[in-house]
Amino acid sequence: MGNPTQCSAEELLLHLQSAVEEVFQTMLNTMVTLVESGSGEASPRPALPAASEAQRVQFEAVVEFHGPRNGAVVLQCTAEGAMDIARGLLMLDAGTIVPLSELQDAIGECTNMVTGSLKTRALDPYGVFSLGVPKFGSGPQSRARRTGQLRFRMSEGCAAIEIWIEEPAAP
Amino acid sequence: MNKVLIVDDSSTMRKIIMRVLRQAEIAVDNVIEASNGIEGLAALGANPDIGLILSDVNMPEMNGIDFVKAVRVSHAKEALPVIMVTTEGGGAMVNTAMELGANGYVCKPFTPESIRSALEPFVT
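Top line first, the protein sequences correspond to chains D and H. Just so we're aligned, residue 1 is where the first sequence starts under our numbering, counting upward by one. Just so we're aligned, residue 1 is where the second sequence starts under our numbering, counting upward by one.
No wet-lab data here; the hints were simulated from the structure. Note that beta-carbon positions come from the ideal geometry of N, C-alpha and C, so glycine has one too. Where hints are given, some of them may not hold.
Stated by the list, open to error - Now the in silico label distances, taken between C-beta atoms and shown as ranges: (1) D:S142 - H:T96: 27 to 37 Å; (2) H:F122 - D:V128: 27 to 37 Å; (3) H:P48 - D:R153: 47 to 57 Å.
Model the full structure from these sequences, guided by the hints.
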């Protein structure tokens, strides 16, 4: 039976998808193509749809949320996916090379906006939550488990967005 | 409009805001950037002709809430508008910022129109 004081994993995933679409359409002027979605921790962590080894995950940003339930949104992308996101946010022409430091910042800000949108849609109705600042390469909280994932394609690259929820502390 | 101060820990977001200010046809003579509240206060001290501040809420070192609180020690709400630009749409943090003296807020993701609407009362 679901907990009426919080969204189910399936509802969270739907809200996450809406948040991703909102951010990409509004801030990147880009439509994303959803490749796969899934809720629950049983499914293996997705390998991004990559054409070659060089396109595998190279960037990861994490934004944690804290409140009645703690968790995080994790954005992973290939180098080309990161380039797509940075070019979209900065409105740069296709083919423009964005420096590495700016790529990381762009991925962090994209994750920040998706998490904020998710918070407004799925968390705020159930209590007072706060967001952390983007972190890189640290992964989600140690007690968190993945409850949903979306994989999508952009113009040249790929990305995955996951939602992680922290297990309650043992009594 | 004299100078605009943009306070955000993301250089990407600072660039986006500058671009959107141009798209929204808001006349700005000069833009000063800061990556957190501490840098924002220093920039404000060094540039007394700043006429408008756009500030993020979640930032390291000093967040937007503490920044607004500090700005209001020396600058009245009517004299120096502060607009929060935040992912925390309608959340507790935004309410706190408004209570502490912010003049308005814009939620990320935003459009040039939403920026224009938020700034319209404060720009000529």
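**Asked** Okay, which hints does this one fail, numbers in order?
**Response** Going through the list in order, the structure violates no hint and respects every one.
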